[in-house]
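Chemist: Listed below are the residues making up each chain.
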Amino acid sequence: MSDLFFLMGKYEARIPTDRVYSDNHLWLQADGELNRYRVGFTAYSVRLLQDVYFLEWSIDAQSAVRKKQEIGEIESSKAVSTLYAPADGTILDFNERLLDDPSAINTDGYGRGFLFRIQTDANFLTPDEYVAHLAAGWEKTEKLIKGQYN
Amino acid sequence: MIFVVISQAQGKNPAKQQLEAELVAALSSEADVKVSLVPHLYDLSADHSATQFLRSIPGDVVVLSWLYPRAARWILDRQNVRGHEGISLLESNSDDERDDESSARNNGNGKQGPGDAKKNSNGNGHGEVPDARPMPNRKIYCLDLREHTEAKVYLDEIRRIANEASMPLVDLFGFLKTQPQPERLEKYLRPLELLAEQKSATSLDDDDDLPANGEVVRRRWYPVIDYSRCTNCMECIDFCLFGVYGLDPLGSILVEQQDSCKKGCPACSRVCPANAIVFPGHKTPAIAGADGEVGDVKIDLSKLFGAPSAVELAARERDVELVRDGRDTVGLTIGIPKRLKDKPKKPRDELDDLIDSLNALEL
Chain A
318 MSDLFFLMGK YEARIPTDRV YSDNHLWLQA DGELNRYRVG FTAYSVRLLQ DVYFLEWSID
378 AQSAVRKKQE IGEIESSKAV STLYAPADGT ILDFNERLLD DPSAINTDGY GRGFLFRIQT
438 DANFLTPDEY VAHLAAGWEK TEKLIKGQYN
Chain B
709 MIFVVISQAQ GKNPAKQQLE AELVAALSSE ADVKVSLVPH LYDLSADHSA TQFLRSIPGD
769 VVVLSWLYPR AARWILDRQN VRGHEGISLL ESNSDDERDD ESSARNNGNG KQGPGDAKKN
829 SNGNGHGEVP DARPMPNRKI YCLDLREHTE AKVYLDEIRR IANEASMPLV DLFGFLKTQP
889 QPERLEKYLR PLELLAEQKS ATSLDDDDDL PANGEVVRRR WYPVIDYSRC TNCMECIDFC
949 LFGVYGLDPL GSILVEQQDS CKKGCPACSR VCPANAIVFP GHKTPAIAGA DGEVGDVKID
1009 LSKLFGAPSA VELAARERDV ELVRDGRDTV GLTIGIPKRL KDKPKKPRDE LDDLIDSLNA
1069 LEL
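From first to last, the protein sequence lines are chains A and B. Going by my numbering, the first sequence opens with residue 318, and the numbers climb by one from there. Going by my numbering, the second sequence opens with residue 709, and the numbers climb by one from there.
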């Protein structure tokens, strides 16, 4: 099945259909074993962040996490953000290569730019559901960004 | 002639104490400056002699404290130390971009910036909230001692303000004679002696909460309302379940039972739609009374990536305090603002600008 796209202004955010999504704008792709996923930023996230400069994790690998628990920080040319766990589960390990040079998040966000691996039995959004989620939240996102620009 | 008040830092940070001592020493020898030293403004009770001293100061006054100027200003207002906002050139030096940003913000939602008193309909610095108290015709300049480490920066600014003020000489000692206990208040005008006293007291006793005269200054925690922003919407009084807020006879919101406030809890500040509730000791600059964005002009995308909303956070913080009091949690069931859904839309052209600026930056 071909990729989906979500239109952000004039920019088309690509949403691949070979994986699932969390409501906090991460993709999750099955990683060998049952309930084990690679996790990364969606094109939507990356578009809002722009160039990522700095990434830091505030928890260790093999940590149990709750959904919305703080797990790290990110800084980009345009934004800063705390990062939060996408679901209840265990964060198995982090993509260590990003700590030195996070640019793969921008150049290959759906591949080498993955963030971490997680073990979880939570349910996630299908690509279609994620696009619908983006459409529903887009106006709010614009306000969020604008509210801070003004 | 201008009065300068230095409000001492909490605790015993040697760097802070040194800056205070340098300022006291330098200002003591200035001809047209009258310098005084008081405990940390936020911790002063209404009947503390330092509070009475502050109320007794006539004319323009420069207040240097380890607080955001907005926090200092409204703490003083609460203690009936009132005046029009004096404009310091100090902070705009350290952050040029902030000016544009805060003026843009100020237009948005009735927030008031520097020079606000003129813009207020009732001319007393209280935007939309009825206030029967008269506003004395003088200026209060609040400077943040955390902005710079060198005394010289502050001294230059104080001299600039002193020139600007060009107040006729006032006999403060004569003024103090009209107070009930002048000697209790006069000591604040002898800051060199006060510092020496504190130093000798420190060497004997490590507890700086007990000054020689027995007047105790304890750490406090309570909300301070910025009435230039407050719209009297009553969301704080609905949200707080500890009875901190009340109404005065005119129906204006006020902090009535400040000691009922729960130490460390800033929840009501988070639910305030006008960002008018200041907790000067909170670690988040926006809650502690900073103006606009602080230091960083980057967008915070935390909400997008799953951060709990301010209201969720406020409700959690409130629940923690309810449990500590042996009460049941209420979560999001009581006193939650209904306004959040219907924020007014911003003009479309700004929105287009945003999208264009996103597009202009090639990935």
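Note that these hints are calculated values from the structure, not bench results. Keep in mind that a hint or two might mislead.
Straight line, CA to CA, 30 Å or less: simulated DSSO-like cross-link-like pairs of lysine-lysine [what the hints assert, rightly or not]: (1) B:1011 <-> A:384; (2) A:395 <-> B:970; (3) A:385 <-> B:720; (4) A:457 <-> A:395; (5) B:991 <-> A:395; (6) B:991 <-> B:720.
Interface residues of chain A toward chain B, partial, derived using beta-carbon atoms under 7 Å [as the list claims (entries may be wrong)]: (7) 381; (8) 395; (9) 397; (10) 399.
Restraint-style ranges between C-beta atoms, simulated for each label pair [to be verified]: (11) A:371 <-> B:959: 19 to 25 Å; (12) A:380 <-> B:942: 26 to 32 Å; (13) B:842 <-> A:328: 52 to 58 Å.
Small disclaimer: the values here were computed from a predicted structure and weren't measured. Ideal Cβ positions, reconstructed from N, Cα and C, are used throughout, including at glycine.
Chemist: Hint by hint, note whether the structure agrees.
Modeler: So, going through the hints one by one against the coordinates:
Taking the CA atoms of residue 1011 of chain B and residue 384 of chain A, the gap is about 14 Å. The hint holds against a cut of 30 Å. Only pairs whose Cα atoms come within 30 Å are accepted, and residue 395 of chain A paired with residue 970 of chain B is rejected, the gap being roughly 37 Å. The hinted pair formed by residue 385 of chain A and residue 720 of chain B fails the criterion: a straight-line CA distance of about 38 Å is larger than 30 Å. At roughly 18 Å between alpha-carbon atoms, residue 457 of chain A and residue 395 of chain A fall within 30 Å of each other, so this suggested pair holds.
For the suggested pair residue 991 of chain B and residue 395 of chain A, the alpha carbons sit about 24 Å apart, so the restraint of at most 30 Å is met. Proximity of residue 991 of chain B to residue 720 of chain B is assessed by CA-CA distance (about 19 Å); at most 30 Å being required, the pair is judged to hold. Annotation: interface hint on residue 381 of chain A violated; nearest CB of chain B at approximately 17 Å, more than 7 Å. Among the interface hints, the one on residue 395 of chain A holds; its C-beta lies about 6 Å from the nearest C-beta in chain B, closer than the 7 Å criterion.
Taking 7 Å as the C-beta contact cut-off toward chain B, the hint placing residue 397 of chain A at the interface holds, the least distance being around 5 Å. Proximity of residue 399 of chain A to chain B holds as hinted, the smallest CB-CB distance being about 5 Å (cut-off 7 Å). As the Cβ distance of residue 371 of chain A to residue 959 of chain B is approximately 50 Å, the hint placing it in 19 to 25 Å is violated. Range check, residue 380 of chain A to residue 942 of chain B: about 43 Å between beta-carbon atoms, so the 26 to 32 Å window is missed.
Judged by the Cβ atoms, the range 52 to 58 Å given for residue 842 of chain B and residue 328 of chain A holds: they are separated by roughly 57 Å.
Violated hints, listed in ascending order, are 2, 3, 7, 11, 12; each of the other numbered hints is respected by the structure.
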